[in-house]
Every structure is written in C-alpha cells, then in structure tokens.
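Number of protein chains: 2
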Amino acid sequence: MRILITGVDGYLGWALSIYLAKRGHKVAGIDNYLRRSWVGEMGSQSAIPIAKMAERLLAYRKNLGQNLRFYKGDLTDYNFVLNAYKSFRPEAIVYLGEMPSAPYSMIDVHHAIFTQTNNQMGTLVTLYAMREAVPDCQLVKLGTMGEYGTPNVDIPEGFFDIEYRGRKDRMMFPRQAGSWYHQSKVHDTNNVEMACRLWNLCSTDIMQGVVYGTRIDEMGEDDAIRTRFDFDQCFGTAINRFCAQAVIGLPLTPYGKGKQRRGFLPLRDSMQCLTLAIENPPESGEYRTFNQFEEVYGITELALKIQKVGAEFGLDVQIQPIENPRIEMEEHYYNPDHQHLLDLGYKPTHDMKAELQIVLKDLMRHKERIESRKEAQFPDIRWDGSRRNSVKLNKPIL
Amino acid sequence: MRILITGVDGYLGWALSIYLAKRGHKVAGIDNYLRRSWVGEMGSQSAIPIAKMAERLLAYRKNLGQNLRFYKGDLTDYNFVLNAYKSFRPEAIVYLGEMPSAPYSMIDVHHAIFTQTNNQMGTLVTLYAMREAVPDCQLVKLGTMGEYGTPNVDIPEGFFDIEYRGRKDRMMFPRQAGSWYHQSKVHDTNNVEMACRLWNLCSTDIMQGVVYGTRIDEMGEDDAIRTRFDFDQCFGTAINRFCAQAVIGLPLTPYGKGKQRRGFLPLRDSMQCLTLAIENPPESGEYRTFNQFEEVYGITELALKIQKVGAEFGLDVQIQPIENPRIEMEEHYYNPDHQHLLDLGYKPTHDMKAELQIVLKDLMRHKERIESRKEAQFPDIRWDGSRRNSVKLNKPIL
Numbered sequence: 001m002r003i004l005i006t007g008v009d010g011y012l013g014w015a016l017s018i019y020l021a022k023r024g025h026k027v028a029g030i031d032n033y034l035r036r037s038w039v040g041e042m043g044s045q046s047a048i049p050i051a052k053m054a055e056r057l058l059a060y061r062k063n064l065g066q067n068l069r070f071y072k073g074d075l076t077d078y079n080f081v082l083n084a085y086k087s088f089r090p091e092a093i094v095y096l097g098e099m100p101s102a103p104y105s106m107i108d109v110h111h112a113i114f115t116q117t118n119n120q121m122g123t124l125v126t127l128y129a130m131r132e133a134v135p136d137c138q139l140v141k142l143g144t145m146g147e148y149g150t151p152n153v154d155i156p157e158g159f160f161d162i163e164y165r166g167r168k169d170r171m172m173f174p175r176q177a178g179s180w181y182h183q184s185k186v187h188d189t190n191n192v193e194m195a196c197r198l199w200n201l202c203s204t205d206i207m208q209g210v211v212y213g214t215r216i217d218e219m220g221e222d223d224a225i226r227t228r229f230d231f232d233q234c235f236g237t238a239i240n241r242f243c244a245q246a247v248i249g250l251p252l253t254p255y256g257k258g259k260q261r262r263g264f265l266p267l268r269d270s271m272q273c274l275t276l277a278i279e280n281p282p283e284s285g286e287y288r289t290f291n292q293f294e295e296v297y298g299i300t301e302l303a304l305k306i307q308k309v310g311a312e313f314g315l316d317v318q319i320q321p322i323e324n325p326r327i328e329m330e331e332h333y334y335n336p337d338h339q340h341l342l343d344l345g346y347k348p349t350h351d352m353k354a355e356l357q358i359v360l361k362d363l364m365r366h367k368e369r370i371e372s373r374k375e376a377q378f379p380d381i382r383w384d385g386s387r388r389n390s391v392k393l394n395k396p397i398l
Numbered sequence: 001m002r003i004l005i006t007g008v009d010g011y012l013g014w015a016l017s018i019y020l021a022k023r024g025h026k027v028a029g030i031d032n033y034l035r036r037s038w039v040g041e042m043g044s045q046s047a048i049p050i051a052k053m054a055e056r057l058l059a060y061r062k063n064l065g066q067n068l069r070f071y072k073g074d075l076t077d078y079n080f081v082l083n084a085y086k087s088f089r090p091e092a093i094v095y096l097g098e099m100p101s102a103p104y105s106m107i108d109v110h111h112a113i114f115t116q117t118n119n120q121m122g123t124l125v126t127l128y129a130m131r132e133a134v135p136d137c138q139l140v141k142l143g144t145m146g147e148y149g150t151p152n153v154d155i156p157e158g159f160f161d162i163e164y165r166g167r168k169d170r171m172m173f174p175r176q177a178g179s180w181y182h183q184s185k186v187h188d189t190n191n192v193e194m195a196c197r198l199w200n201l202c203s204t205d206i207m208q209g210v211v212y213g214t215r216i217d218e219m220g221e222d223d224a225i226r227t228r229f230d231f232d233q234c235f236g237t238a239i240n241r242f243c244a245q246a247v248i249g250l251p252l253t254p255y256g257k258g259k260q261r262r263g264f265l266p267l268r269d270s271m272q273c274l275t276l277a278i279e280n281p282p283e284s285g286e287y288r289t290f291n292q293f294e295e296v297y298g299i300t301e302l303a304l305k306i307q308k309v310g311a312e313f314g315l316d317v318q319i320q321p322i323e324n325p326r327i328e329m330e331e332h333y334y335n336p337d338h339q340h341l342l343d344l345g346y347k348p349t350h351d352m353k354a355e356l357q358i359v360l361k362d363l364m365r366h367k368e369r370i371e372s373r374k375e376a377q378f379p380d381i382r383w384d385g386s387r388r389n390s391v392k393l394n395k396p397i398l
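Residue numbers (the working numbering), protein chains in the order written: chain A, 1 to 398; chain B, 1 to 398.
Hint data in this document are derived by calculation from the structure and do not stem from the laboratory. Honestly, I wouldn't trust all of these hints.
Chain copies aren't distinguished; within one or between two, either way the pair holds.
[Unchecked claim] Derived SDA-like pairs: lysine to any residue, alpha-carbon spacing no greater than 25 Å straight-line:
1) K257 with D169
2) K26 with L304
3) K305 with A51
4) K395 with N335
5) K353 with D337
6) K308 with C196
7) K259 with W199
8) K168 with D154
9) K86 with W383
10) K22 with I319
11) K257 with W199
12) K52 with G249
13) K22 with P282
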C-alpha cells in the first residue's frame, strides 16, 4: 500500500516509516521539524541522538532498500498538503503530526492557542484535502486515551449503546479531557467523525495509551535510523522521565499519590497496532475508534518496575514522590476496553521488563546527553497557570 | 451589575445592551464589526438599516441615559481583551462574539478553519483573561441547541446520569454537531467546562434555539437603536428568510422534507433568559448548561404560520420546498428538556403569531432593501462541498 505519515520526523512517525517499509509498503512522510523546536524550547534534546532528515533519508535507503518520499512543509497549509496527496496518492494517511504534550499546552494562553489551532487546522486541512484528492483513502488519526479522562464507569471504544428515558441510541461516549492538548484531540475526534458522517470519508481514530521504548527490531543497528527519546517535563512521559532519571542516578519522581492509572504499550506494539488498522481499513463512510494499549498500570507501580530493572544494571534507584503540577484525580476507577485490535490479531508483547531492559541499556550509552539537560525533566508548568517547581512529598519509597 | 457583552454590534448583542441598561445595569461592549463584513461577503445587508457604531453610541446615550462603554478590537487578541477586563472589571461577560453561521463555515477549507480558530481562540482568550483579571466573574457563553444534533433519545440540559455496566456517573451528554460552526460550539463547550473544572471559573453555557424577531419593547421608536435582521443564506435563519421572502412576494423555501424540528424563541424571550442567567449566577467552579428555547416546530410548520400571518397583511404567500443543501436528518425524534430557565422564573411569551406580525410590519417598511439583495437568500453552499443552487422539489404547498 501507499502510506503517508504526517509527523514522520517524530518518535512514532519515524519508527513507523521503518516498520512499514520492512512490511513492503511504499512510504511517504511530511514534517516541518516542529518537534525538534519544541523540545529545544524546553531546554532539552532527545536522549538518543537523531540524525538530520537528509541523513535519515540516506540511512533509510541504505537500510531498507527503498526511498522514503519526503515532503517538508506545514500541515496547516492547504495547498502544500493537497499537492502532496495529489502527487503521492496515499491509500492510508497516518496522522501523527500534532503537538502532543499536555504540559506544553498549559504553559500560557499562547501555547494553549497554538496547540488547539495547530492541531485543529491540521485535521481540517487533512479532511478537505482527502475529500478533494483521495476520498477513498483511510485516515488513521492519532488520538489519546486521555480524551476519555477518568470516568467512574467502564470506557468503551469510542461509542456506546445507551438507553435513556426508555429510548435507545448508539452515541459517542462522552469525553472529559484534562488539558488543552487533550481537548484538542477531543475536538479532532468530533471533527473527523463529522467528516466521515457527511462526506463518506473513512477513519480509524486511535485512542492510544502511553508508548514507551527506544527501538523496534526492524531498525537494526544503524545509529542513523534511531528514533528520538524525550525526557523533558513536556515531551517525556512519566515512564521516559523515570528511565532517564534512573540512568543518571536521580530519584524517580511520581506526581502526587502516584495512583493515577493509565494504559501503556511498547513502541513495537504501537507499530503492530497501527499496521493492523492500516491493513484492515474501515468501510467507506465508517468512523471507528480503537483503544490502543496493552496493560494498565499505576504510576508508582511503574516506578517500582523501573527500580527493579535498574537494580539488574547496578543502578541504585530511589523513588521520591513530588507535588503534582497537574490538576487530576490521583485515585480513581479505570477500566477501558481494548478488544477491537485483539480481534484484528494484535499479539501483545506482554513483557514490560524485557522492554525496560532495552531502554535502560540504550539510555546508558547516552548518559551524558541526559546529564547535560537534566534540569529539563523537573516540572514547573502547573495546571493552575503558575510556574513553580514541585516540592518533595512525604518520604521517599525505598 | 457591570456586564460586558462581546459581539455587541451583532443581532443579540446590541439588543441585550439595551435590555440590560433598561434594567439598571452598567454595560460595556466589544466588537470588531466582523458581522457586517461577513454579511457583505455574502452579497447582502441587514433588512433593518442599522446605524454605524458611533451613531449607535450617541443614540444609546440619548435613549437610555447612560453610556455604553465600547472597546473596538479583536477578541482573539489577548492583551486587548485583558486590558478591557482590567479597565471595566465585569461581573458578567456575555460572550456573543463568535462567527454564528453553519453555511458560512461549510463554504470551503478556509472558512472552516476561520470559523473554528476564530471561535476557539476567542474562547481561550476569554478564559485566560478571566482567570487573570476577573476570576469571580460569570461567563455567559452562547452555544447552540445544534451542538446536540438530533439523537433518538431525549436531550437533557448538558449533563445526564448514566448507569453503564452496573456503575454510575454524571457525564456530559454526547454532542453530535452537523457543521464546522456547530462543532466549534461543541469545542467551546468542552474548553469552557474544563476551565471551570480546573480553574474554578464559573459559566452558564446557553444552548440556544433559533431566535427570531425584529425588536424588543425597550428599544422604543428611535430608528438609530434598531438591531440588525439578516436574510441571506448564511446569516438569515429559516424563519428570517421566510419572513423576508413573504414580504417581497417570493415563495417560502423549506429545505427538503421540511420536517426538521428545532427549538425557537422570540428575541424578547432570549433577552429575558440571558438576563435570568446573568442575575442568577452559578457558584464558583460551577459549569451549568441551559437549553434556551420556547417551543419546538417543524420547518414547514413555521412556513405555514408565516403564510397565515402574511395573509392578514394581504400578502399572497406560497411555499415551495427546495432541495436541501445541507446533509441532515429531515425526519427525526426531537425532545429536548428546557426546565432550568423556567425554574429561574422564565415566562415564555407564547405568542409566535403576534411576534411574526411585528416582524412582517417592520420588514414591509424596508421591502426595497430586501428586494435589492434578494439573490443572497437562495442557498448554493452545499454540505458536500460543492457550490450549486438548490432545485425545486415536488409541488408547491398552497
């Protein structure tokens, strides 16, 4: 298939471009290098060094025996996007080209506006350009499990059947996001669902959990085709920050009670799931939602796992909870469905320990890169709008 | 109270500024005259002539014995808005400053993007400026009944209690909007709810039905303080277009089957309801939703009412259904709640006939203004993205 990946220079996008080429697909990508700028703005860098796009493209060709067709440009520019679609004629578009950080969106009004306008404009441009140039193409749109928030009931995959005052309907499950970024994904979901309903486009909307991992087997050993790994307060998730902290001898810092529960999956599983969506497209006019994660863990539970794996590497890992800069429920019910991908044949890796071993091993090679930007991991962007470092809470967990 | 109205130059905003002054409130307003530009872009004009803002302000002072404090500027400009809040220190902000037309938002990708970015940016700026300058101020935010779409179950006021797989929660009722404009209001709803939840702001989110009418009693007889009345395909609602068509001897043109059902209320009731929300503010941190309409009618039913009132004025009014340029359900269940405002003391006018008599009488004075822009009422903006005039359907209803 001809598959276009937006955000191909990012963490997921770059890995997916390699995974799909190995499966024999023709791959094109769009990027404007914004992720590199945002991480720079946070005073940080990828722990794993990543090559410039020109070098990446050469290494891609060398390792995979095919070219990645690359379009440099802005996803909110309609004519640029339309021309890319017309020239590549994708059969699937995997939309990974959004600003993906909750804390970044909460910095101030300008970052809130940037996040929502950038993400919504990109989605609207995609929908219009698809309708114009490739109406039968599938849009695989990256959302987030965070769209649902943490309701006190089970979370279905996108839709649910309700009976209300004696009448029935199938409706979208209500979303309750907790940051401007997460809200931007809810807005996307609403926009994409409408475009499928009105225009007969088709889309798989992926409510993805937290992805972790430094590599997939398909990357081989060439350093020039590694994907990025961020550990700053905005673009590094809890699990990334914990791994980076473990490697440079800092205590792991769960926020608040640490009982926040989220869905997680390794990078290799994310690739497998996205590919299942791509290779098993929906019907024309169909909008479907996949909840994409492997297992649910609490945040402190994760820290304890990393502590244990760290010990195998001779790392003395402490855990020091800190004040939660976010406003969120720290203890809650959490039981989301994730059946659709299993039905399509998803085989979960089910080995977080082995994956964490690979991550720590990869990060230990680049310890000095983390060390030199270690300030960037401490959270000071607070959900109440202030900017202040989080203080330590309670005693460390030993 | 000190009340700030955004979009004070618009149909509702201008009328509300008069209504509130008559009740003894201090009123300020913000506008950038965009509504005048948009209607101009559609090749149309207000049927009722409206004065320029400078003249409006003089007439306001003359008729109401107080100044309207006017800030000219863009609601997406954070510093401008923040300074307006700091100088006026509103106790309520009535947010009527959005692009309000479904067809306008469906013209093309650029209008879709303008609609959503303009409306979302304005809302985000409002929330941030409130938090900074007037955190205890109530936001009365104008949404639309169209956010809900037409589900097959009753529509509660914003929230509902659900039982799902044996567990319970109170959640937002799922929205299902049918245009980029309506989606922009859904996005607003999600953004405003989150700001109340995270920042303890308070808001009344008004899901308003279709408002009709040319005047409120508080306007008196001075032509310089009339409010606008649009009849073009974008900014004139079905009821406005029907009244304009009746006056110039054109057949009324319901779209499709004409069995689409919507909630309606006269302008005077909208003023009464908005004022009830303003004068009975929510608690700090509270986000509440009012469904604001008086009665539900089908579109052809409305046309028949106008036909009847027209006959009293000697107008021979025909009804000629035309192809529906929209993609929407033309026959559906529709039973929305509207109890909250009644509980606060809302006394519905319950006299559509009397209101329509006033409208036709007012419009007949300005027949030539409608006549000169009559092309603007025929719909050619289609929900499938094409631009083509709707053809006649079936036989006329006599």
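Treating 25 Å as the Cα threshold, decide for K22 and P282: within, between, both or neither.
For K22 and P282, only the intra-copy Cα distance (23 Å) is at most 25 Å; the inter-copy one is 58 Å.
For K259 vs W199, is the C-alpha pair at or below 25 Å within one copy, between two copies, both, or neither?
Between copies, since 22 Å is at most 25 Å while 43 Å is not.
Which holds for K168 with D154 at a C-alpha limit of 25 Å: within a copy, between copies, both or neither?
both (19 Å within a copy, 10 Å between copies)
Given identical chains, is K22 near I319, meaning Cα to Cα at most 25 Å, within a copy, between copies, both, or neither?
This pair counts as neither: shortest intra-copy Cα distance 40 Å, inter-copy 63 Å.
Intra- versus inter-subunit Cα pairing at 25 Å for K257 with D169
between (38 Å within a copy, 23 Å between copies)
Copy assignment of K86 with W383, given that the CA separation must stay at most 25 Å:
between (42 Å within a copy, 23 Å between copies)
Using 25 Å as the alpha carbon limit, work out where K305 and A51 are close: within a copy, between copies, both or neither.
neither (31 Å within a copy, 70 Å between copies)
How would you classify K257 and W199 at a CA-CA limit of 25 Å: within, between, both, or neither?
between (46 Å within a copy, 21 Å between copies)
Are the CA atoms of K395 and N335 at most 25 Å apart within a copy, between copies, both, or neither?
neither (30 Å within a copy, 56 Å between copies)
At most 25 Å between alpha carbons: which applies to K52 and G249, within, between, both or neither?
neither (30 Å within a copy, 68 Å between copies)
As a check of your reading, is K308 near C196 (CA-CA no more than 25 Å) within one copy, between copies, both or neither?
neither (47 Å within a copy, 41 Å between copies)
First find the shortest C-alpha distance between K26 and L304 inside one copy, then the shortest across copies, and answer within, between, both or neither for a cut-off of 25 Å.
neither (41 Å within a copy, 59 Å between copies)
Hint compliance for this structure: hints 2, 3, 4, 6, 10, 12 are not met, and every other hint is.
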